[in-house]
Amino acid sequence: MKNLIIVIAFTFMLGGCAEQKILENISLTTLVGYELEDEGDLTSIAVIRQVNQDLESRVEIQSATAATSKWARTKIDLKTSKITGSGQLRVALFGENLAKEGLDHNLHILKMSAEISNATYLAIVEGDIKELLEYQYKNITDIGQHIYQLIQQNIEHHHALSSTLHEVNRDKYSLVKSYALPVIKKEEENIVISGMALFKDSKVVGQISADDTMFIMMIRERTHNGTLQLELPESTLDGITENPFDELAVAIDSIDSKPVLRLVDPSVPEFDLTIKMECRLREINTDIIVDDPETIKKLEKEINHKIESEIKQIIKYSQDVNSDIFNFGERFRARVRNVIVDKEKWYELYPQMKVNVKVESQIVRDGVFQ
Amino acid sequence: MKNKLQIGTNEMFNAPLLFYIICASQVGVGVHGFQAVIYQNAKHDAWISIIISFLAAYLSVFMSLKLLKMYETEDIFGVNLDLFGKYIGNFINLLLVIYSSLAFFAIIRNYTDVINAWVFPELKPSFIMITLMILVLYAFTAGLRTIIGICFFSFFLGLWIPVALIIPLNYANVNYLLPVFSADLVELLKGAYYMTFTVAGFEVIHTLYPFIKEKEKAKKYVSLGLFFTMFLYLFVMIVTLTFFSGEQLERTIWATLSLFSNIRLPFLERIELITVCFWMIVILPNLCLYAWSAFRGMKRIANISEMKFILGMFSLIFIGSFFIETRSEIYEFNNKFGYTAFIIVLIYPMVLYLIAYIKKSVSRQRAGKE
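Line by line, the protein sequences are chains R and P. In this text, residue positions in the first sequence follow the working numbering: the first is 1, and each later residue adds one. In this text, residue positions in the second sequence follow the working numbering: the first is 1001, and each later residue adds one.
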């Protein structure tokens, strides 16, 4: 029995030697950018954070070009004093050339690694990716952290579609094989999210501006926040102000919106989409007095029309580029029986799809001062 | 009949502990990656395959308990000796001992593979196996009551796992489950067949039966245990089905672990490192119970001391691990073992019950005539 205890004690002591990864000896890669070079080689640009003995961290940017991303990482190791570890990877950026060629391969290698978290954000860079990452910004010290927080807080507030590695990978293997990634670009001293890029079959096929992101979210799922700016035409809002105007600009906050989808005709296919929305009025022209229920009804009606037309436009655009980012394909397959709906079939059916959009909005509150 | 079992009351355990034993013995390494294999056959109706598999398990347990009740205080080895005589009975007992050893090997080899893939890629598998075997040796020499205590603690310590899996429900997409019942019966049955490797474990009741104090209550607690495990597996499967899209799930080897890698705590970036290491506590009761069953069988065949047997068994398993090293070899082994488990766990008890029933009614007729 005593021998057994000695053996177990030895085992415990040796167990500490299993694979050491000490924080002060590792460079943490917080952001990686990939771009395709001319011969098909991949350039990896890594934003690395190193922690020294006094627990101060320092950020540096390294890049290397190789045929595989792992070899590029080895080349980066040849340049850094501490070996790179990718467990902290928060954002992966893809350059324009790579987006046009296809992201399939890169997504696969990100998924294969057990170290890379499923919650890594993916985004496309408009313009030169090296310039965006290596520029010395006046107000940005840690570009990896900055881009991560930029994307994260915009996704939380519904200004960008959530593009974690898991969701993109899931949509890539699903029936529709289409997804949308945020596009970021450098504007002088700032990094800006300029819109969403639509993908089909892992290649970029179109782009939507950042203004329309909220509409896409309203079609896809329940939302609990998000701001919309709508320019309502004057004609039907006749008589609610003294001064005439061409367009009335209002800003509304959606408190709660819910899409209800019904399959009306499977052969076309035709859907009835009803979006019920509760919102509050953030900004409106000072001439309009909104305590009159008639005014509110007129405003609601106009808001409904405006949102409906915007949504119809966005759906039509996605049908033109044949990129079903709203997941209509899955919703169609879930509602039909004994019909083989696969990727090829949906590519044919999607451009013919009809959606009858109806928005029912309700202005719940309108500020503290009228 | 000669060679009957004599068990003192101080070696017996209370029937309610059967609930913890069944739960602990069923939940093992199968939980990590059972979803992909079942999905390949039953597609998104895989959860129905789980229900079918558990119905078959319940039927098998029902028959086993009725069979063992006929013999009062015998375990399955005694039943074999009674029904088939000394030589064939001992041969079948030897086969059951080999099955228990193979089950032990399957669990320990699969767990080592998971550790190598997710946590420590460069750690030698033999090191992990020796560590686990020393632990099992300690529990084994301490006796049945210690093993049951381990089952009890393993059950309660593992209760946080289903709670943690509520977090991936944020990404749940119910459309992946619809339309229900689109797989036909053959596909559902095939899926249920592939579930055998995961559902097996309750066959330890065959060797534990003589040690139960209140044998008439055994059925109640075993059923409760099976019920609980079924709900656990259903929950994991439904979370998996709504989280991953179809083809993505087919490519995900360890779906449960991939689910865990989406959970991010403020102080812990990736919890699946902790989960995988914690799994050692989950598989420890399985290993102990199989080692103990194998020893009980071996003792009936030839009177052999505890230490000699366990060291012999461990040496054979250790040598066997050198033949099953790569991922594809483990996959092959799992398939073949699943086939063996299907026969021994589901079919064998029913056949045995039929033979015993026939023998009993024949001897009753003969006694009635005399």
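Derived from the structure by calculation, the hints contain no laboratory data. Any given hint might turn out to be false.
[Stated by the list, open to error] In the DMTMM-like style, the derived pairs of lysine to aspartate or glutamate whose C-alpha atoms are separated by at most 25 Å in a straight line are: (1) R:K111 / P:E1187; (2) R:K312 / R:E360; (3) R:K276 / R:E360; (4) R:K70 / P:E1269; (5) R:K21 / P:E1122; (6) R:K345 / P:E1269; (7) P:K1043 / R:D212; (8) R:K200 / P:E1250; (9) P:K1043 / R:D253; (10) P:K1043 / R:D211; (11) R:K111 / P:E1269; (12) R:K258 / R:E283; (13) R:K2 / P:E1329; (14) R:K301 / R:E348; (15) R:K200 / R:E167; (16) R:K70 / P:E1187; (17) R:K343 / P:E1250; (18) R:K345 / P:E1247; (19) R:K343 / P:E1072; (20) R:K306 / R:E167; (21) R:K177 / P:E1250; (22) R:K82 / P:E1247; (23) R:K177 / R:E234.
Violating hint indices (sorted, rising): 1, 6, 7, 9, 10, 13, 14, 16, 19, 20, 22, 23
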